[in-house]
Amino acid sequence: MSESAEVMTFDNAAAMGLSRAEWDLIEKRLGRTPNLCELGIFSAMWSEHCSYKSSKKWLKTLPVDGPQVVQGPGENAGAVDIGDGLSAIFKIESHNHPSFIEPYQGAATGVGGILRDVFTMGARPIALLNALRFGDADHEKTRHLVGGVVAGIGGYGNCIGIPTVGGEVNFNKSYNGNILVNAMAVGLANSDRIFRSAATGPGNPVIYVGAKTGRDGIHGATMASAEFSDETESKRPTVQVGDPFTGKLLMEACLELMASDSVLSIQDMGAAGLTSSSVEMASKGGLGMEIDLDLVPAREAEMSAYELMLSESQERMLMVLKPDATETARAIFDKWDLDFMPIGKVTETGRLVLLKDGGIACDIPIGPLVDDAPEYDRPHHDAPTRPVFASQNLAGDKSVSAVLLEMIGHIDLASRRWIYEQYDSQVMADTLAGPGGDAALVRVHGSRRGLALTTDCTPRYVESDPKTGGMQAVAEAYRNISAVGATPLAITNNLNFGNPEKPEIMTQLVQSVIGMGDAARHLNTPVVSGNVSLYNETDGTAIQPCPVIGMVGVIDDVATAAGTAFTAAGETIFVVGQTANKTDGWLGASIYQAHYGDATIYAVPPVDLDAEERHGTFVRTHIVNGLITAAHDISDGGLAVAVTEMAMHSKFGAAIDAGDDAISHSWAFGEDQGRYIVTTQDAAGLAAAAATAGVEVTKIGVVTDRQELKFGAADTISLAALIEAYEGRLPALMA
Amino acid sequence: MQAIVNISLKNGVLDPQGRAISHALGDLGFSEVADVRVGKQIQLDIDETDPARLRQRVARMCETLLSNTVIEDYSIEIPDENK
Amino acid sequence: MQAIVNISLKNGVLDPQGRAISHALGDLGFSEVADVRVGKQIQLDIDETDPARLRQRVARMCETLLSNTVIEDYSIEIPDENK
Amino acid sequence: MTLSAMRVAIIVFPGSNCDRDMMVAIEQLTSRRPALVWHKETSLDPVDLVIIPGGFSFGDYLRCGALAGRSSVMHAVLDHAARGGAVMGICNGFQVLTETGMVPGVLIRNAGLKFACRNVDLAVCDTVASPFTSGLAAGQHLTIPIAHNEGNYFADADELRRIEDNGQVAFRYVAGAAFGPANPNGAANDIAGVLSPNGRVMGMMPHPERAMSPEQGGSDGALFMSKALESLVS
Ligand SMILES: Nc1ncnc2c1ncn2[C@@H]1O[C@H](COP(=O)(O)OP(=O)(O)O)[C@@H](O)[C@H]1O
Ligand SMILES: [Mg+2]
Numbered sequence: 001m002s003e004s005a006e007v008m009t010f011d012n013a014a015a016m017g018l019s020r021a022e023w024d025l026i027e028k029r030l031g032r033t034p035n036l037c038e039l040g041i042f043s044a045m046w047s048e049h050c051s052y053k054s055s056k057k058w059l060k061t062l063p064v065d066g067p068q069v070v071q072g073p074g075e076n077a078g079a080v081d082i083g084d085g086l087s088a089i090f091k092i093e094s095h096n097h098p099s100f101i102e103p104y105q106g107a108a109t110g111v112g113g114i115l116r117d118v119f120t121m122g123a124r125p126i127a128l129l130n131a132l133r134f135g136d137a138d139h140e141k142t143r144h145l146v147g148g149v150v151a152g153i154g155g156y157g158n159c160i161g162i163p164t165v166g167g168e169v170n171f172n173k174s175y176n177g178n179i180l181v182n183a184m185a186v187g188l189a190n191s192d193r194i195f196r197s198a199a200t201g202p203g204n205p206v207i208y209v210g211a212k213t214g215r216d217g218i219h220g221a222t223m224a225s226a227e228f229s230d231e232t233e234s235k236r237p238t239v240q241v242g243d244p245f246t247g248k249l250l251m252e253a254c255l256e257l258m259a260s261d262s263v264l265s266i267q268d269m270g271a272a273g274l275t276s277s278s279v280e281m282a283s284k285g286g287l288g289m290e291i292d293l294d295l296v297p298a299r300e301a302e303m304s305a306y307e308l309m310l311s312e313s314q315e316r317m318l319m320v321l322k323p324d325a326t327e328t329a330r331a332i333f334d335k336w337d338l339d340f341m342p343i344g345k346v347t348e349t350g351r352l353v354l355l356k357d358g359g360i361a362c363d364i365p366i367g368p369l370v371d372d373a374p375e376y377d378r379p380h381h382d383a384p385t386r387p388v389f390a391s392q393n394l395a396g397d398k399s400v401s402a403v404l405l406e407m408i409g410h411i412d413l414a415s416r417r418w419i420y421e422q423y424d425s426q427v428m429a430d431t432l433a434g435p436g437g438d439a440a441l442v443r444v445h446g447s448r449r450g451l452a453l454t455t456d457c458t459p460r461y462v463e464s465d466p467k468t469g470g471m472q473a474v475a476e477a478y479r480n481i482s483a484v485g486a487t488p489l490a491i492t493n494n495l496n497f498g499n500p501e502k503p504e505i506m507t508q509l510v511q512s513v514i515g516m517g518d519a520a521r522h523l524n525t526p527v528v529s530g531n532v533s534l535y536n537e538t539d540g541t542a543i544q545p546c547p548v549i550g551m552v553g554v555i556d557d558v559a560t561a562a563g564t565a566f567t568a569a570g571e572t573i574f575v576v577g578q579t580a581n582k583t584d585g586w587l588g589a590s591i592y593q594a595h596y597g598d599a600t601i602y603a604v605p606p607v608d609l610d611a612e613e614r615h616g617t618f619v620r621t622h623i624v625n626g627l628i629t630a631a632h633d634i635s636d637g638g639l640a641v642a643v644t645e646m647a648m649h650s651k652f653g654a655a656i657d658a659g660d661d662a663i664s665h666s667w668a669f670g671e672d673q674g675r676y677i678v679t680t681q682d683a684a685g686l687a688a689a690a691a692t693a694g695v696e697v698t699k700i701g702v703v704t705d706r707q708e709l710k711f712g713a714a715d716t717i718s719l720a721a722l723i724e725a726y727e728g729r730l731p732a733l734m735a
Numbered sequence: 001m002q003a004i005v006n007i008s009l010k011n012g013v014l015d016p017q018g019r020a021i022s023h024a025l026g027d028l029g030f031s032e033v034a035d036v037r038v039g040k041q042i043q044l045d046i047d048e049t050d051p052a053r054l055r056q057r058v059a060r061m062c063e064t065l066l067s068n069t070v071i072e073d074y075s076i077e078i079p080d081e082n083k
Numbered sequence: 001m002q003a004i005v006n007i008s009l010k011n012g013v014l015d016p017q018g019r020a021i022s023h024a025l026g027d028l029g030f031s032e033v034a035d036v037r038v039g040k041q042i043q044l045d046i047d048e049t050d051p052a053r054l055r056q057r058v059a060r061m062c063e064t065l066l067s068n069t070v071i072e073d074y075s076i077e078i079p080d081e082n083k
Numbered sequence: 001m002t003l004s005a006m007r008v009a010i011i012v013f014p015g016s017n018c019d020r021d022m023m024v025a026i027e028q029l030t031s032r033r034p035a036l037v038w039h040k041e042t043s044l045d046p047v048d049l050v051i052i053p054g055g056f057s058f059g060d061y062l063r064c065g066a067l068a069g070r071s072s073v074m075h076a077v078l079d080h081a082a083r084g085g086a087v088m089g090i091c092n093g094f095q096v097l098t099e100t101g102m103v104p105g106v107l108i109r110n111a112g113l114k115f116a117c118r119n120v121d122l123a124v125c126d127t128v129a130s131p132f133t134s135g136l137a138a139g140q141h142l143t144i145p146i147a148h149n150e151g152n153y154f155a156d157a158d159e160l161r162r163i164e165d166n167g168q169v170a171f172r173y174v175a176g177a178a179f180g181p182a183n184p185n186g187a188a189n190d191i192a193g194v195l196s197p198n199g200r201v202m203g204m205m206p207h208p209e210r211a212m213s214p215e216q217g218g219s220d221g222a223l224f225m226s227k228a229l230e231s232l233v234s
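Protein chains in written order, with the numbering used here: chain X, 1 to 735; chain R, 1 to 83; chain W, 1 to 83; chain V, 1 to 234.
There's no promise every hint is true.
[As the list claims (entries may be wrong)] No more than 30 Å apart at the CA atoms, straight line, and that leaves these computed lysine-lysine pairs for BS3-like:
| hint | chain 1 | residue 1 | chain 2 | residue 2 |
| --- | --- | --- | --- | --- |
| 1 | W | K10 | X | K141 |
| 2 | W | K40 | W | K10 |
| 3 | W | K10 | V | K227 |
| 4 | X | K60 | X | K28 |
| 5 | R | K40 | W | K40 |
| 6 | R | K10 | V | K114 |
| 7 | X | K699 | X | K582 |
| 8 | X | K212 | X | K173 |
| 9 | R | K40 | V | K227 |
[Said to hold, decoys possible] A few chain V residues that don't get close to chain R, going by computed Cβ distances all over 10 Å:
| hint | residue |
| --- | --- |
| 10 | S31 |
| 11 | F58 |
| 12 | G59 |
| 13 | L62 |
| 14 | L67 |
| 15 | S71 |
| 16 | A81 |
No lab work stands behind these hints, which were simulated from the structure alone.
Bear in mind that the values here come from a model prediction, so they are computed numbers and not experimental data.
For glycine and all other residues, C-beta sits at the position ideal for the given N, C-alpha and C.
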């Protein structure tokens, strides 16, 4: 019997992840039972991924406005004004589950997907970043997953020719069975040439471009468990395979077409492919759409309406063109050897009508698909209070340098070189500071301007105290941008959590979104885009919560930026944001505690947003006016680790002291927030400037030309030894 | 003894390389080429004299390392099997 | 008709991938593995009904594109040849 | 003839991704914008230098540079070289040149089986007369970035001996300031760049167009290319 005639039951709906209430609502809205294709479309649009049903209520609380915001959440990516009539267009997106099943292809298609979100807006992508979380270093899967994910990210980015300029990686056993792969893309466009996805003009042609549609990515599990699935279903691959070469052609063709004033609206086919793209375009335009599925370029024979609508084949786009532009457009796509096919038209009906084999495969009102998408206020409670860890020496009477040597090789502190040297960080020839420093610095092509880019999150903080952890992620990103001398502009975020139906997980989500919102509001970095990934669990245990922040900042003249490397012997080293009489530091939830302490979850270092803004502004200002010669924010591992990184990145050493006091482990390794290490040739000038600005600064030493670090009077260690431990860790893991 | 493992993409898995090659062959005047699929061929020299045991071991190797069973199928040839 | 082209590295050409795989197999406990060489297998569907002519054409494809004769050897199989 | 009179053509294949970078670099040195020539062209206007840029031409499918090496524009490039015209291939461009036989040898997978993007140190070799090396001193060191997955230079023993005896090795990887092993990919005889027998065609794996100013981390790419362009015009 023909597919459209198949009558679905609640069991089919349940197999597609819909609840009884959701099923009843569908029948009510349709006034009949949906067929397979229609049910598939509802289940996709009402899925967590497309509807944000568990998170929407809280996402609405995030600040999304500001004078710099050109496009906030709601489009394929967000956009902020960076001056000269240009916008930075960016977004982050997760590809966690596919990357665990097939690390190379999962990561590669994650990169391809986020790039499409950015060039769909009319922006030429100029940089890629990522945020990765893997299981325990010695878990048997970790090596394989790290190798595959890193190769996959490089495999796509290197081939399409967009530099991967930064990212972050942590290891924790909670990710053993559920890694996180979040990819961020940043592009540039003229602010008055940004393309959006709302369909316009009833009668206008709807065009399919890019690669052909195959059966990849159709939810195999769902299919197999449903009655209508046939024998072969289960054998079909559920992971998509990326084709960066076609991705590159599609990017060039779309940007060429967009320059030709032919495109009215455009939408990439991401999650839920043709379904979400057609529905989103029509609903945003308040219109309808009619598509003849027999016209969709297919890679395989006899694909059903359901399969065509839910395939997640990569490198595809849907566009509405000006009626008279079709031939211009076709010529461009022919030049790039890409499929170009008018498959339907915009209508006034407000309905999604799909034709197939001379019949109607689907005819549903678009309103309910979007407006009636469920929105849940899931139960949550107050975050648990954590014991404050009494700062104390956990590493016995080990010297600071001995502890440092052990910690610098810690899997979460060690050099990421093994990873980032597999990424082409320099193609496009505008990368002035690539991976390895604080924020990456990418020149706006042909200008003196630069964009500073970073991704950050500290899951162990979020786990202990989601609200402070959410704030801290924004604050740390803000510090990384400020440490190169750039002004933070806006953020994108990727909320990675477990099962939101569990109150304790929902609590993590709610609290960290509140903290993130507070910080974004306070630091004037509104949220312009993002993504949510829930149900990151294995056998009922959730991942460490990981609300990743991607931040973009701008600097007017790249020549005024600073790096983390010491620049000259004899310069004075200051801590910005720390008083002279401070002799200890916050070790609770620190790497030092993780390395030497017990498994208790302790309270996290407090985040003072006023101080963050004051200190960041001070550092930025004096980097740009040249008073500060090198800067590095203090984060994981504390002050001693920050100083060590500045030395290892340079040809210089340092002599550090804590005034008259002996250096305590907590002073050296405490992770108190809001601090930076900076160097200057004019110590008096810096102290004076700090006094005027009301910022606490403390001299903690000098840069030396000896290849060693000296702590206090007698405790020294060679940079060579530190570099060996720092550079050796990942290669040893991956050998 | 020698074993040959042929690894090919599962049906339905996109083969961009195959597509590119068949385009190129077309451009070079081989217009009769309808479709191209690219796979790997792995030749193993193994210290094992019993074909049956060899086949078993090689199958294990395929499952654990040689083939990515999420997107690839494999087949095993033992040239000397019927000698 | 179908043709299968097997492309292997000439002897003497080093094969980093093959070496890596045989190490990996060793680490995984397949100590019997003496040597591994990785080649390509290209399956072509061709609009040609005469096996002899097919073989000729495919040989031409190998010479002009499919194999780099500086480092690679190729062999051609025509499954339906003896049907 | 002056640098600004110099006519440079950069070949663009689908998947080339260093074509713009090279165009900008050449324009910086000659203050004249080079022509970008699409792979479907069948002829070349007369030029003083043809550059085949880096990237992933045709996705690097089958073999790096194989499909590009057989595209129609390459016949014109071969004619240009046959007339004694100068050709420079960078990274993927080097791979394309080996696929067409314009320079000897092949480039296979990096010994480490990983893509490698980092600075390397190069020594200029004592070569057959060539515009690509004559402006530099033999033994001179340059620091230039690489970014490739297949840069492992291979040629059989006889071929290698011939190349060495004819002075066709343009650059070798050497130990220097850059972090990591001097030879980043296992290349035979540490070869980073080779010349055609007449010295008029050169392929190299490192990317000079990415080392054009201190801001980018170094200017040795600009040094090498300005010398090469100068010898080509003189
Ligand atoms: N955590 C978040 N914060 C702010 N905006 C978000 C968040 N998650 C998703 N969004 C926005 O919701 C819209 C839909 O997100 P998504 O479905 O991931 O986009 P796409 O369909 O292009 O992949 C996008 O505009 C995205 O920026
Ligand atoms: Mg999108």
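Fill in: Numbers of the earlier hints that this structure fails to satisfy, in rising order
Of the numbered hints, 1, 3, 8, 9, 11, 12, 13, 14 and 15 do not hold.
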